[in-house]
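Please put together the full structure from these sequences, using the hints given.
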Amino acid sequence: MALDVTLETKTSASNVKIGIITLSGDLDASTAPTFKTEVEKAANEGAKRLVLKLSGLNYMASAGLRVLIFSKQKMGTDVDIYVVAPQEGVLDTLEKTGFIQGVILLEKDEPEKYEQ
Amino acid sequence: MDYGRIDIHPTHTYGDFKLRRGRPSPFGATLVPGGVNFSIFSSYAKSCILVLFQKHAKEPMAEIPFPDEFRIGNVFSMIVFDLDYENIEYGYRMDGPFNPKEGHWFDSSKILMDPYAKLIGGRDVWGETPDWSDIYHHRARIALDDFDWGDDRPLEIPPEDLVIYEMHVRSFTKHPSSQVKHPGTFAGIKDKIPYIKELGVNAIELMPVYEFDEFENSRPNPVRPGETLLNYWGYSTVGFFAPKAGYAATGKLGMQVDELKTLVKELHKNGMEVILDVVFNHTAEGNEYGPYISFRGIDNKTYYMLTPDGYYYNFSGCGNTLNCNNPIVRNIVLDCLRYWASEYHIDGFRFDLASILGRDPRGFPLPNPPLLETLAFDPILAKCKLIAEAWDAGGLYQVGSFPAFGRWAEWNGKYRDTARKFLKGDASAGEMAPRLTGSPDLYAWEGRGPATSINFITAHDGFTLMDMVSYNYKHNEANGENNNDGSNDNDSWNCGWEGPTDDPGINALRKRQVKNAVAMLMVSTGVPMILMGDEVGRTQYGNNNTYCHDNELNWQDWTLLEKNADLFRFFKNCIAFRHAHPVLRSKYHFSNRDYMGSGYADITWHGTQAWNADWSGRALAFMLCGKHAKAGTVEDNYVYVAMNMHWEALWFGIPGLPDGMKWHVFANTGAPTPDDIWEPGFEPMLENQSGLLLGSRSVLILVGK
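Sequence order for the protein chains is A and B. Taken in order, the first sequence gives residues 1 to 116; the numbers are from UniProt numbering. Taken in order, the second sequence gives residues 1 to 705; the numbers are from UniProt numbering.
Everything labelled a hint here was simulated from the structure, so no lab data went into it. Check each hint, because a few of them may be wrong.
[To be verified] Simulated pairs of lysine-lysine, BS3-like, Cα-Cα distance not exceeding 30 Å:
| no. | chain 1 | residue 1 | chain 2 | residue 2 |
| --- | --- | --- | --- | --- |
| 1 | A | 74 | B | 301 |
| 2 | B | 265 | A | 72 |
| 3 | A | 48 | B | 269 |
| 4 | B | 265 | A | 108 |
| 5 | B | 265 | A | 113 |
| 6 | A | 53 | B | 301 |
What follows is the structure in structure tokens.
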């Protein structure tokens, strides 16, 4: 299954720029570059928070994880990354590979947590 | 693609592939701007072809010969541009002489794995039967080094402060009772960190985690129809740089590197070091009947020790012997260890059959082995623990004489043997005394400290501790080798009945012997090592060589934690006691003198009478002076240990303490649970400060404060 990626940027109540990326489909080696492009766009637009909405993401391969790592590196250590509503398989991968330690996990979409 | 820089511009083409002269160093496949640098060494190959596969594809997608001008010296190197490096697998074909008598085994029909492969596919999921028709079984892949370590680094715990826990990755959590999400994996161990932490060990030693083939020599289990015997322990390396994919829950996704690194990071966060059991004495290619995997077809004569007739020397007992003191092979060992220390933050290495690493290319022991010296003085490995299994299968036994260069520690086989004999009443107090004090007879004369001695009573090789007190003989029938395999010299004692019994007296004695063993181990100077599961009485049902069993013979049964809760509590408190008392963890051997003016020597020896040791008997006691802890740099309590390995209770007179101090009972294995041990710091005062009756086959530990 292909990957759908959309980027939306907004400004939080406390005047912080947020990049919200919604992913659905499969994130693998063939689709990872699309995701990466959107991360770069968000970074270039000065986002200080990155929200990844993953509820529609069915599968994440190594290449997808690499982009998540890349996004952490690209955006800088002061940027908070929110991982929102990952499916169990994706969450599992994030946990086993340690990536989950570097992000804020939201089990469901709670905009009040990242839009304040 | 815009390559941007002129120095990485392609200069050659082959079909659709853009190429450039590669960089010979480093060996392996390395990402460079725009491409991948492939570099491989062979002394005798005439030509070399890079073989590329799409991941999992049966047939290669391309075969690119190295142009002659791309070879420098004996190294073929080439950059291939625009590769989808996450989705390829690669190998080599090498052409050269085939003349086994001369040591050459070149065969260009074979696809060979890069000995420097950092990621290996082909055995992605543990136990999944391989496709035997595959033309390339162990597939080199390219690993990325983008793991986010945060502020993690190796812990550098002083060696004398370590308590090592030897474990098998799969065995630890594979049993259904482990209740972890991914049984038998690195992720499973991570889930059990709270357990290991509660036990109190601060280093885990993992049996081999380098990629190996569990299907090497696989065969039907003669005892359990339908089950297959596997190369379960993994002491047969396929690739020295790659973690075992089948040990990772994410192996199917090719993410075993991340999963293992996550485990290391998490263990470090919890104060635990990671030591890897590494096997450089031989490889999975076996003898002349074994498969071509890599070395045999790349440079057989360089990598293996060969007889004058071209046969494989077998000092490893496994068919071949890596030619460790060939300069080329020395380098691959060094590169490998440096890689694991720097890329995986590994804290130390235990070298399987390390004496082989000290043999010259013809097999003779070297007085000053360059490999061992190189490792001892390497700047990247400078803080890593280096632990030798100081013997090999060729009969070279070097416990106490391993070429240490001031750095190497040893599995102290003499500690194991003497402690076992003493426990069952077969060794005298005089034989046991040096083992309790870091084996100065073996190491002090050469200026080697007590931490040289890795003290252990059980290890993966041999009986578990519970089996050691439950069996007189090995029971290896399930291995299908007519009980001929495994050690016959176990110094074990079944306490009166061979195997399981309902006799409460025998069971009580067995438990007491287990407690005696760990109590002695934890008060011994040196570095204690315990075997996974001994803390809950794990059994292998008398099998002392379970190398081939992927079943309950190896798997840790977590229900034992409840069944033998008293053992776990005893282990836990003994380990905590060791951590609490620096007097037990000296960096230097005892001097038998009072250099602190305390009125007591750092160590004093006693028998059933205070100040009067009987070196020929079965009873022994010693006292450590707290003023001399860590060579007098810190102050600790006094510790007195009495060991009665006689079959009768004995009265022990106890030495007096400085004014104002009293003896308190930390442990007495002769007392019923829960009075057999106390939490450090909460020890009750001893009623009669001048002595006590210590039960038969019992150990007493007092703390004076």
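So, going through the hints one by one against the coordinates:
1. A:74 - B:301: 48 Å, violated
2. B:265 - A:72: 18 Å, holds
3. A:48 - B:269: With Cα atoms ~28 Å apart, residue 48 of chain A and residue 269 of chain B stay inside 30 Å; holds.
4. B:265 - A:108: Roughly 28 Å separates the two Cα atoms, so the pair holds.
5. B:265 - A:113: 29 Å, holds
6. A:53 - B:301: 56 Å, violated
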